[in-house]
Amino acid sequence: MAVIDRGPEIDEGGLATLWEDGPGVPGFLTTVDHKRIGLRYIYTSFAFFFLAGATALVMRAQLAEPNAHVLGPQIYNELMTMHGTTMIFLFNTPVLAGFGNYLIPLQLGTRDMAFPRLNAFSYWVFLFGGLFMYASFFVGKMPDGGWFGYTPLVSKTFNPGINIDFWGLGIVFVGLSTTVGSINFIVTIFKMRAPGMTLNRMPIYVWSMLVFSFMAIFAVPAVTLATGLLELDRLFGTSFFVPSLGGSVLLYQHLFWFWGHPEVYILFVPATGMISQIIPVFSRRPLSGYPWVVAALVTVGFISFGVWVHHMFATGLPPLAMAFFSGASFIIVIPSGIQFFAWIATMWRGAVRLTTPMLFAIGFLLIFLLGGITGVMVAVLPFDWQVTDSYFVVAHFHYVLNGAVVFPIFGAIYYWLPKMTGRALSERLGKWSFWVMFVGFNITFFPMHILGFLGMPRRIYTYNDGLGWAGLNAMVSAGSAVFGLGTAITLVNWARSLRRRAPVPDDPWDGDSLEWATTSPPPHYNFAAIPLVAGRHPLWDQQPLPYASSGEDDETRGLGTAGAVDRETPITSGLDNRPEGNLTIPEETYLPFVLALGLAVMFVGLLVSAAVVAVAGLALAVFGAVWWTWRTDEDLE
Amino acid sequence: MTAVVSPGAARPSTRRSYTTAWWGMAMLVITEAMVFLVLLAAYFFLRASSRQWPIGGIELPKVDLAWPFSFVLWGSSVPIFWAEAAIRNGRLAQFKAGLLISFVMGASFLGYTIYDFNDLHFGWRDNAYGSIFYTVVGLHAVHVVIGLAMNLMVQVKAWTGRYRTGHHVSAEVFSLYWHFVDVVWLFVFPSLFLSPHWR
Amino acid sequence: MAGVTAAFLCASTVTACGRRSPSMLDHHGPEAARVAGVWWLMFVLAAIVYVVVAGLVITAVVRGRRRAAAERPDAAGDERFIWVGGVVLPVLILAVLAVVTVSTTRDLRAAQAGELPIRIIGKRWWWDVSYPGAGVRTANELHVPVGRAVDLTLESDDVIHSFWVPQLAGKVDLIPGQRNHLRFTASAPGTYRGQCAEFCGIQHAHMAFVVIADPPEVFDRWLTRRASGAGVQPTREEAARGEMVFNRESCAGCHTIRDTEADGKVGPDLTAFGGRRSIGAMTVPNTATNLSRWIRNSQSIKPGNLMPPVALSSRDLRSLVVYLEGLK
Ligand code: HEA
Ligand code: HEA
Ligand code: CUA
Ligand SMILES: [Cu+2]
Numbered sequence: 000m001a002v003i004d005r006g007p008e009i010d011e012g013g014l015a016t017l018w019e020d021g022p023g024v025p026g027f028l029t030t031v032d033h034k035r036i037g038l039r040y041i042y043t044s045f046a047f048f049f050l051a052g053a054t055a056l057v058m059r060a061q062l063a064e065p066n067a068h069v070l071g072p073q074i075y076n077e078l079m080t081m082h083g084t085t086m087i088f089l090f091n092t093p094v095l096a097g098f099g100n101y102l103i104p105l106q107l108g109t110r111d112m113a114f115p116r117l118n119a120f121s122y123w124v125f126l127f128g129g130l131f132m133y134a135s136f137f138v139g140k141m142p143d144g145g146w147f148g149y150t151p152l153v154s155k156t157f158n159p160g161i162n163i164d165f166w167g168l169g170i171v172f173v174g175l176s177t178t179v180g181s182i183n184f185i186v187t188i189f190k191m192r193a194p195g196m197t198l199n200r201m202p203i204y205v206w207s208m209l210v211f212s213f214m215a216i217f218a219v220p221a222v223t224l225a226t227g228l229l230e231l232d233r234l235f236g237t238s239f240f241v242p243s244l245g246g247s248v249l250l251y252q253h254l255f256w257f258w259g260h261p262e263v264y265i266l267f268v269p270a271t272g273m274i275s276q277i278i279p280v281f282s283r284r285p286l287s288g289y290p291w292v293v294a295a296l297v298t299v300g301f302i303s304f305g306v307w308v309h310h311m312f313a314t315g316l317p318p319l320a321m322a323f324f325s326g327a328s329f330i331i332v333i334p335s336g337i338q339f340f341a342w343i344a345t346m347w348r349g350a351v352r353l354t355t356p357m358l359f360a361i362g363f364l365l366i367f368l369l370g371g372i373t374g375v376m377v378a379v380l381p382f383d384w385q386v387t388d389s390y391f392v393v394a395h396f397h398y399v400l401n402g403a404v405v406f407p408i409f410g411a412i413y414y415w416l417p418k419m420t421g422r423a424l425s426e427r428l429g430k431w432s433f434w435v436m437f438v439g440f441n442i443t444f445f446p447m448h449i450l451g452f453l454g455m456p457r458r459i460y461t462y463n464d465g466l467g468w469a470g471l472n473a474m475v476s477a478g479s480a481v482f483g484l485g486t487a488i489t490l491v492n493w494a495r496s497l498r499r500r501a502p503v504p505d506d507p508w509d510g511d512s513l514e515w516a517t518t519s520p521p522p523h524y525n526f527a528a529i530p531l532v533a534g535r536h537p538l539w540d541q542q543p544l545p546y547a548s549s550g551e552d553d554e555t556r557g558l559g560t561a562g563a564v565d566r567e568t569p570i571t572s573g574l575d576n577r578p579e580g581n582l583t584i585p586e587e588t589y590l591p592f593v594l595a596l597g598l599a600v601m602f603v604g605l606l607v608s609a610a611v612v613a614v615a616g617l618a619l620a621v622f623g624a625v626w627w628t629w630r631t632d633e634d635l636e
Numbered sequence: 000m001t002a003v004v005s006p007g008a009a010r011p012s013t014r015r016s017y018t019t020a021w022w023g024m025a026m027l028v029i030t031e032a033m034v035f036l037v038l039l040a041a042y043f044f045l046r047a048s049s050r051q052w053p054i055g056g057i058e059l060p061k062v063d064l065a066w067p068f069s070f071v072l073w074g075s076s077v078p079i080f081w082a083e084a085a086i087r088n089g090r091l092a093q094f095k096a097g098l099l100i101s102f103v104m105g106a107s108f109l110g111y112t113i114y115d116f117n118d119l120h121f122g123w124r125d126n127a128y129g130s131i132f133y134t135v136v137g138l139h140a141v142h143v144v145i146g147l148a149m150n151l152m153v154q155v156k157a158w159t160g161r162y163r164t165g166h167h168v169s170a171e172v173f174s175l176y177w178h179f180v181d182v183v184w185l186f187v188f189p190s191l192f193l194s195p196h197w198r
Numbered sequence: 000m001a002g003v004t005a006a007f008l009c010a011s012t013v014t015a016c017g018r019r020s021p022s023m024l025d026h027h028g029p030e031a032a033r034v035a036g037v038w039w040l041m042f043v044l045a046a047i048v049y050v051v052v053a054g055l056v057i058t059a060v061v062r063g064r065r066r067a068a069a070e071r072p073d074a075a076g077d078e079r080f081i082w083v084g085g086v087v088l089p090v091l092i093l094a095v096l097a098v099v100t101v102s103t104t105r106d107l108r109a110a111q112a113g114e115l116p117i118r119i120i121g122k123r124w125w126w127d128v129s130y131p132g133a134g135v136r137t138a139n140e141l142h143v144p145v146g147r148a149v150d151l152t153l154e155s156d157d158v159i160h161s162f163w164v165p166q167l168a169g170k171v172d173l174i175p176g177q178r179n180h181l182r183f184t185a186s187a188p189g190t191y192r193g194q195c196a197e198f199c200g201i202q203h204a205h206m207a208f209v210v211i212a213d214p215p216e217v218f219d220r221w222l223t224r225r226a227s228g229a230g231v232q233p234t235r236e237e238a239a240r241g242e243m244v245f246n247r248e249s250c251a252g253c254h255t256i257r258d259t260e261a262d263g264k265v266g267p268d269l270t271a272f273g274g275r276r277s278i279g280a281m282t283v284p285n286t287a288t289n290l291s292r293w294i295r296n297s298q299s300i301k302p303g304n305l306m307p308p309v310a311l312s313s314r315d316l317r318s319l320v321v322y323l324e325g326l327k
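Residue numbers (numbering that gives the first Met the number 0), protein chains in the order written: chain A, 0 to 636; chain B, 0 to 198; chain C, 0 to 327.
Don't read these hints as lab results, they were simulated from the structure. No residue lacks a Cβ here, since even glycine has one placed at the ideal position from N, Cα and C. Warning: the hint list may mix true and false statements.
[Unchecked claim] Computed footprint of chain C on chain A, listed as stretches where at least three residues anywhere in the stretch have a Cβ under 8 Å from a Cβ of chain C: (1) 189-201; (2) 318-324; (3) 354-367; (4) 450-456; (5) 462-475.
Sequences and hints are given; from them, build the entire structure.
Right under this line is the structure:
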């Protein structure tokens with residue numbers, strides 16, 4: 000194991016108190032530490048994952064046999080909608096944002112995000128948005144329009160209750176969190192890299208988060224408008240999607256999928272970033288074809304904005320126009336192929352260690368390969384006419400969402416969680432978890448392909464006997480329990496690690512990136528002095544790792560320990576990353592919480608159509624915003 | 000002992016690049032631009048799928064007042080440029096004057112929008128044309144309101160002497176936002192007000 | 000892999016597996032056959048790609064495990080590997096698929112001579128079927144002649160539905176404010192199950208239907224008989240009483256029975272209901288017992304559907320059932 004050099008001798012105790020959050024609830028509500036916030040994101044979204052997973056298990060109990068009576072149709076539709084919505088909006092997107100929050104500043108070698116308070120704000124918005132949607136359970140009116148809620152099914156005419164409003168407003172709200180978080184990532188990545196970390200030396204994971212963020216700020220407006228205009232129709236009686244008044248129901252689909260397709264890559268790209276971090280470390284050599292992988296990530300980002308119509312192949316658009324979108328969907332295979340072969344090449348000439356994170360990475364490769372191939376199949380227009388909206392598509396997207404995104408996330412948990420908590424996870428339980436999940440996964444989702452061929456549409460709460468669907472469905476349901484068990488083993492492992500408090504060395508895996516240069520868990524200030532980077536793999540190639548010392552001038556003062564003492568972190572000029580100044584990390588503050596709370600109150604007001612409440616919430620939010628702007632100049636420069 | 004090295008690349012820059020706050024605002028402007036782009040796409044989508052535009056015999060948008068006030072709005076960027084130059088060179092009085100002029104121009108545009116809305120013979124519930132028209136113009140007006148509020152904020156800071164040369168991030172951020180609000184109108188106005196007349 | 004292939008082969012020849020699934024691989028028309036052909040081509044390509052690429056992954060892991068940690072080999076040759084695998088291989092395969100996509104698309108959606116027009120309106124949660132030329136209307140059953148192309152006009156006046164008969168053709172949505180078309184030909188007599196494929200609300204699961212393909216002369220006889228309005232007059236006394244109950248109760252306000260007072264438009268046309276195979280868009284088989292349960296409280300059979308329970312004396316109910324079952 001590498002000898003880790005922690006930098007200049009400093010009074011660590013003094014620094015720690017300087018950076019520490021206040022105690023108790025106030026400290027909890029006011030913290031702006033990217034690590035606390037990141038971990039909080041991860042915990043919250045995993046809570047949503049297990050909720051939505053448990054929901055899926057209940058759905059599977061209903062579908063295990065024909066004409067079952069576990070769930071009625073209404074509750075099935077509600078659970079189905081919440082399962083998909085939660086997995087996409089409240090688990091996958093935020094958990095990736097959580098990892099980004101925690102890891103980006105560490106991997107860049109800086110002391111926090113560019114906008115620490117905004118960071119806290121985006122967490123609170125996510126939390127309140129999730130609670131907002133889940134409040135529907137308490138009034139027994141869960142959204143029931145499917146995760147893409149097509150109009151007119153979700154219009155006031157056909158769905159008069161407030162079920163859909165929880166969903167529509169909730170998505171607008173949660174979208175705000177993603178947008179704000181992404182802006183923060185972009186600025187952090189552009190302005191706060193350690194000296195020497197030029198763009199072409201950034202860890203692939205950071206690249207993937209940069210692509211994630213840019214895709215998000217371009218795509219999220221479309222879903223905000225889709226659901227926002229829907230809510231205008233529902234709450235204020237406009238007619239965007241009312242055909243008899245000149246509205247168009249297809250407009251909704253275009254808006255939704257113009258976000259929806261990029262969204263699945265928004266999830267997929269950071270997952271591949273994690274894989275590109277894990278595979279090289281456990282092959283003990285740099286990632287093959289780094290520039291091509293970066294180029295692949297960026298091109299995926301671009302192309303994914305040009306394929307959304309492949310979700311609308313059955314809507315009766317002109318066939319040759321649709322064939323164009325088939326073609327665009329084919330092209331997106333190439334960047335995925337490049338990444339895929341880069342991973343193989345890395346292992347091919349590497350010295351592979353089969354640790355738990357690596358097992359998840361290999362499981363990911365085998366599963367994603369199939370999910371990608373079925374993706375190409377459904378991109379073939381005439382074939383999709385048969386399988387769209389059938390269980391074949393359900394199989395495709397679980398192979399990619401659950402296989403190609405959740406497996407990397409589990410790998411990332413095993414890889415990075417010990418760094419975050421400072422507590423070791425059990426490798427033995429981890430391997431058990433992997434194998435149970437891998438086997439359970441394929442038993443669950445493989446038969447779905449065949450069910451699609453046998454004519455089983457998706458989103459049906461039950462089916463009749465005699466269609467030849469019963470046996471396979473029983474198998475799927477049994478498999479889902481196995482898969483669920485596999486995830487539960489990780490949950491146990493996680494909880495056990497917190498209880499047993501087995502300490503973790505700074506660099507347990509012999510990693511290459513800067514997060515391994517600091518302690519586990521890292522101190523509040525991450526780095527007392529900022530590391531100086533001279534290559535793509537500082538911890539492998541620069542032994543001992545050099546640290547900057549504080550200069551006399553403004554530009555370089557923040558680099559060394561003087562910066563940590565002043566609660567500052569250095570700012571660089573952007574693309575060419577010259578040290579340029581310092582950012583004062585703001586003190587703890589209620590601002591983000593208050594602003595998010597104001598917005599939450601406003602959304603509740605809209606939900607229950609209580610103008611007073613909505614206006615009060617808005618007023619609180621405006622108050623927060625003004626306060627915030629008023630204080631802006633104090634912290635910058 | 001630890002290696003403590005002065006950063007190799009630490010040649011202090013002669014010119015400062017944009018601040019993090021400016022970058023943050025620039026990214027916000029990008030998403031906001033997407034909001035308007037998507038809305039305008041929705042406008043043309045609805046238009047393409049209707050036989051008649053405006054739908055249901057609604058009058059064509061009136062441009063007699065819209066033209067001059069559009070120029071007022073676009074023109075309001077000029078004093079902001081002027082003010083920006085002023086604060087960079089420490090001329091606070093000119094800075095305040097620029098902000099004030101721009102504020103008056105923006106506010107008069109807002110006044111026009113409100114007047115225009117009251118003057119229309121259709122509502123946003125009437126049909127999809129009404130819905131998209133009010134939503135786009137209204138959303139732009141909301142941005143004008145936010146811009147004016149930011150302008151006020153900056154003015155208060157200026158009048159209370161909180162700015163110094165090289166210490167005026169919020170002013171910079173505001174000016175970027177205001178230019179954006181103007182540029183959006185450069186697209187909204189031709190699309191919503193002019194294009195229905197060209198057939 | 001063998002198991003996978005067997006599973007798909009099984010799906011394609013349902014009878015061999017002792018089931019009767021509406022499988023898209025068990026095709027009975029040129030449209031579905033064409034798509035099944037596309038599938039088998041893709042299946043072979045996919046199997047090759049999967050076996051080769053997964054084989055590479057596993058070999059890489061096995062090789063890599065044997066290597067000592069100390070060596071850190073350089074990256075020479077990696078780039079070529081990445082380019083061949085990640086760019087050249089996909090481009091070749093995708094070029095094939097692109098040609099297949101375009102040619103199949105062009106053939107499948109082209110209009111043909113002598114098509115039989117049929118109009119389908121999707122309702123929550125049943126199918127309104129009419130034959131515009133002949134003035135015939137029915138529900139949840141689609142009679143088509145074998146060997147002749149049909150041209151379906153698909154519309155909806157509530158939410159979006161999707162028309163899917165896997166054994167005959169791919170699906171097309173029924174979208175409010177829009178008129179879509181689907182063309183297919185049944186190549187062999189038989190009944191083919193179809194089901195709504197776009198989520199349309201609480202009873203989306205029970206919005207199925209059946210396509211009945213008959214030899215042309217049988218179909219023509221059926222159409223003429225339906226067009227003549229035969230079979231509507233009650234022949235038994237009990238049935239005549241049933242007709243009276245039907246018109247007296249709320250039934251007639253929602254259902255149409257040709258040449259009678261009943262002309263409601265909310266529910267399915269019941270003109271030839273007695274001849275239908277099922278009740279409630281394939282929810283339960285059409286038997287007297289099921290019908291009487293349905294009329295008394297359809298909500299217990301198909302919860303959430305739009306027909307309210309109707310309070311009737313058991314005498315009235317019996318008459319109604321006799322009447323409706325007699326409509327053939
Ligand atoms: C992480 C998420 C994710 C990812 C990565 C993908 C990846 C892909 N998806 Fe998928 N997709 C979804 C999530 C995702 N999808 C979801 C959630 C839905 C359904 C939404 C809903 O309806 O609810 C969906 C639905 C969906 C549809 C619509 C189906 C329908 O509703 O009828 C289509 C159609 O084109 C499609 C295509 C593709 C393609 C071409 C890829 C490609 O990117 C795959 C490329 C990768 C590979 C091919 C493997 C690696 C490549 C090689 C090893 C090279 C060699 C390979 C070949 C030559 C083939 N997807
Ligand atoms: C990341 C995304 C993701 C993930 C991980 C999953 C995971 C699973 N999904 Fe999901 N699914 C979607 C995204 C996802 N799904 C989407 C987007 C849809 C579309 C919805 C729509 O059509 O609108 C969908 C739809 C969907 C359907 C189709 C429903 C229908 O069309 O009617 C089915 C059916 O089987 C299903 C099953 C499952 C199963 C069995 C799992 C399993 O992997 C779950 C495994 C179980 C667990 C992980 C939980 C383990 C539980 C415990 C350990 C107990 C502890 C409990 C607590 C602490 C509360 N999913
Ligand atoms: Cu009709 Cu689903
Ligand atoms: Cu897609």
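Hint-by-hint comparison with the structure:
1. 189-201: violated (count 0)
2. 318-324: Coverage by chain C holds here, the residue count being 4 at a Cβ distance below 8 Å.
3. 354-367: It holds, with 3 qualifying residues against the three required.
4. 450-456: That given contact holds, which follows from 4 residues of the segment 450-456 of chain A lying within Cβ reach (below 8 Å) of chain C.
5. 462-475: Coverage by chain C holds for the segment 462-475 of chain A (6 residues, Cβ < 8 Å).
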